[in-house]
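Visitor: Single-letter residue listing:
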Amino acid sequence: MQDNSARAGTTLTAHATPILAEADRLMTVCNSCRYCEGLCAVFPAMEMRRSFGDGDLNYLANLCHGCGACYADCQFAPPHEFHVNVPKTLAIARAESYAAYAWPRAFSGLFARNGLAIAIIAALSVAAFIAGFAAWNDPPVLLGSHEGPGAFYRLMPHDWMAGIFGAAFLYAVVAMAMGALAFWRDIGRPEAGLGEVGRAAGDAATLRYLDGGGVGCMNEDEKPTDNRRLHHHLTFYGFLLCFASTSVATGYHYLLGMQAPYPWYDLPVLLGTAGGIGLLIGPAGLLAAKMRRDPALVDESRWGMEVAFLVMLFLTALTGLALLVLRATPAMGLLLALHLGVVFSLFVTMPYGRFVHGLYRFLALVRYARERRMIADGTAGEA
Amino acid sequence: MVDWSKTWDVLVVGGGNAALCAAISAARGGASVLVLEAAPRFYRGGNTRHTRNMRCAHDAATDILTGPYTEEEFWDDLLRVTGGRTDEQLARFMIAESKPMLTWIAEQGVRWQPSLGGTLSLGRTNSFFLGGGRAMLNALYLTAESLGVEVAYDAEVVALDIDGGTFRQATVKRPDGNHILRARALVAAAGGFESNFDWLREHWGSPADNFLIRGTPYNKGKVLRLLLDAGVEAIGDPTQCHAVAIDARAPKFDGGIITRLDCVVFGIVVNKDAVRFYDEGEDVWPKRYAIWGRLVAAQPDQIAYIVFDAPSLGMFMPSLYPAIGAASIRELAGKLGLDPDALERTVNDFNAAVRPGSFDHTILDDCRTEGLTPPKSHWARRIEKPPFYAYPVRPGITFTYLGTRVNRDARMRMADGSDAANMFAAGEIMAGNVLGQGYAAGMGMTIGSVFGRIAGREAAIGARG
Ligand SMILES: Cc1cc2nc3c(=O)[nH]c(=O)nc-3n(C[C@H](O)[C@H](O)[C@H](O)COP(=O)(O)OP(=O)(O)OC[C@H]3O[C@@H](n4cnc5c(N)ncnc54)[C@H](O)[C@@H]3O)c2cc1C
Ligand code: SF4
Ligand code: SF4
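In order, the protein sequence lines correspond to chains A and B.
Here the first sequence is numbered in this note's numbering, starting from 1173 and rising by one per residue.
Here the second sequence is numbered in this note's numbering, starting from 8 and rising by one per residue.
These are calculated hints, taken from the structure and not from any lab test.
Please read these numbers as outputs of a predicted model, since none were measured by experiment.
Errors might be hidden in some of the hints.
Sample of chain A residues at the chain B side, in silico, Cβ under 8 Å [what the hints assert, rightly or not]:
#1 C1205
#2 H1252
#3 A1295
#4 A1299
#5 E1394
#6 E1472
#7 W1475
Note that beta-carbon positions come from the ideal geometry of N, C-alpha and C, so glycine has one too.
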């Protein structure tokens, strides 16, 4: 009769993977506890449900910001026999969901040994740009110093550059849109309008749920600190500034006929410099936090993916800033090849790395924006 | 590392809410404070780890409390649940002191939130900890440490040297051996004796073997025993405790809140003979949940089964283990190990006695039985729509009430009627001063915080002369 053999919280729902089954078990435990309700979006969303299908679990996993608060606060965390570790379980489920939504499916394997894959692609891209520059240009051009408008294009014609990067960017956008579509389908094509998108954008822009319910996120231990949120902001806004810099430069080129490099006081350089500095400090800070993180919270098998993305962002900024500082010296040719190689590989690997977390989390927040309203209106299924 | 040779101003024994409130208030009073916690670091904080809220009087709604809860109303509730078995002066004093607790606790870094989903009935009276009891403890420990309080884990107090009413030193058992610890004042905040089965058996007999302990395995009553043996006056009945009916599949210790079941009012409860034994619909659940532990403890083999049918399944808070389901009452009986004929008879008799009414589980509705013993006074609906479900339940002991007698300074009283010179108590270990029997949700933390704060303050004053 009284069957104690099943692990506490185990349900009868069938799941595609063991980690989703474990996530289901934990959500069943948490749903009968609810102490963490005020910490983030995951718990209120969980309370609206009684049973958890794979789509629901993928939604909750991507809604989790990994702040760690619910681990430090859980009376059932290991070594307790109920073994409740929500941040780690959802981190693994989240990472597995990235692979499941990858487009084309054939490339989903890139998530498995992501650090290695991205390192190889980056190295190959850099090598290809250097080789291309060398084949195209005589050594005196490659190793000479160039100045004035159009200096970069003496090494690589602008149309080529625009063509290659335009294609890489377009590919990344299409692949990620397909992934986003797969995620949206998996979580049941929730209804959402502009209001929800706006609210989600606000939540994402402020990292509303990376604050451990108000005190800051837990990283090394149960002492809250807010450094991760700060460094994430530096990274995210640094990235946006760099992107803005490139966009403005493209506009200058085609609309105003002004050729790079631009003087230091011009908009593309100012935006790029500010963004580049953010992209140096932010990823470095996140990386340092990652090193110090309580091993209990870490999905060791995805270490490579997390690190690879941060390193790529850091290198993008580093090579970009180096190019800016040394653009009038003979090092410019090599630095340009280096920077372009790094940026190219950043683009083409974007759909197959940690970058996609932002996309899926944003969509999860869009869905949550609606659920939050239902909870507030009292129209949610569970009370 | 703790300096074992030092003489501390205040020694606090225990590591839960009462202990930390005492340690913080003693440190704020300028005392050097050492906290000795028997549990390892992860399990620090005993039963406090499992809590979610605290009951404090307040005269107006706040951003987390939906309305006023006056001292008078608190007192009425306490009087009702204890059936008058309380020390009125001390209880009224505690209630008055609970008011400033809402801000004092927040000043120690603990954060409040509105009542949790599924516990709306407590939204006016009880303040909930954001992140639950362990979050609360983490905040208290951080604050205590920032005030210079030192904490030793795996540090069980196994002997106390008490001379008349004066504490002199304690013996502490640590993994590296025993240490002697001297202090000018003692605050005992080491919980009740709920996880000591030998002690429970002394008063309950063999039924105690079937009890489950909802919280920490470390509250073995060691310190309570040492104090009573050293001549401190006892208060309370050793069989009185907070006990609820919890899922029988729960672990022996530390299953916590998630093994509770809130579905008694939706069905019937039968014992191992498949016979009902108490009115399941006597009153609303928040007012009745705390009697079911004792009720089940009085049944043969201390086991019972909550039986209900399909329409009720989604109407209560989910819990850890799934309900046991079956297509028929007979099949359900088989799965539960009950006599199918007997269970069928009980369900049929119940169904036949149910009068028509309009069901509303949020009020005392008019759905009741007629001519049935015991009756079901409210929420009686026929159990007829398969699948049928059951949860097995056993007595789940929360904490015991036998304790040390204290005065309003939280100072212990000796059996000869004198006041102890430098010994104070707070929390479960003195809960019996206020709770002779019965319970109202959130009072465990009120008792610990109010008397913990006072004990720390008074101990510091005494120690620093
Ligand atoms: C599942 C559950 C839920 C609960 N929910 C609530 C709630 O929401 N609200 C509420 O008010 N109450 C609740 N309670 C009751 C509440 O937990 C207690 O009343 C309260 O925590 C008591 O605080 P305390 O500090 O006296 O004891 P505890 O928090 O239990 O602390 C006692 C400490 O003493 C230590 N100790 C024991 N023996 C020794 C020794 N010999 N030497 C050194 N240290 C020792 C223990 O390790 C422990 O740290 C709940 C209880 C349980 C089990
Ligand atoms: S993480 Fe732990 S404390 Fe938080 S809701 Fe889940 S079981 Fe409860
Ligand atoms: S880690 Fe943080 S964001 Fe994730 S579920 Fe826990 S509290 Fe929520």
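Visitor: Hint by hint, work out which the structure violates, then give me just those numbers in ascending order.
Guide: 3, 4, 6 and 7
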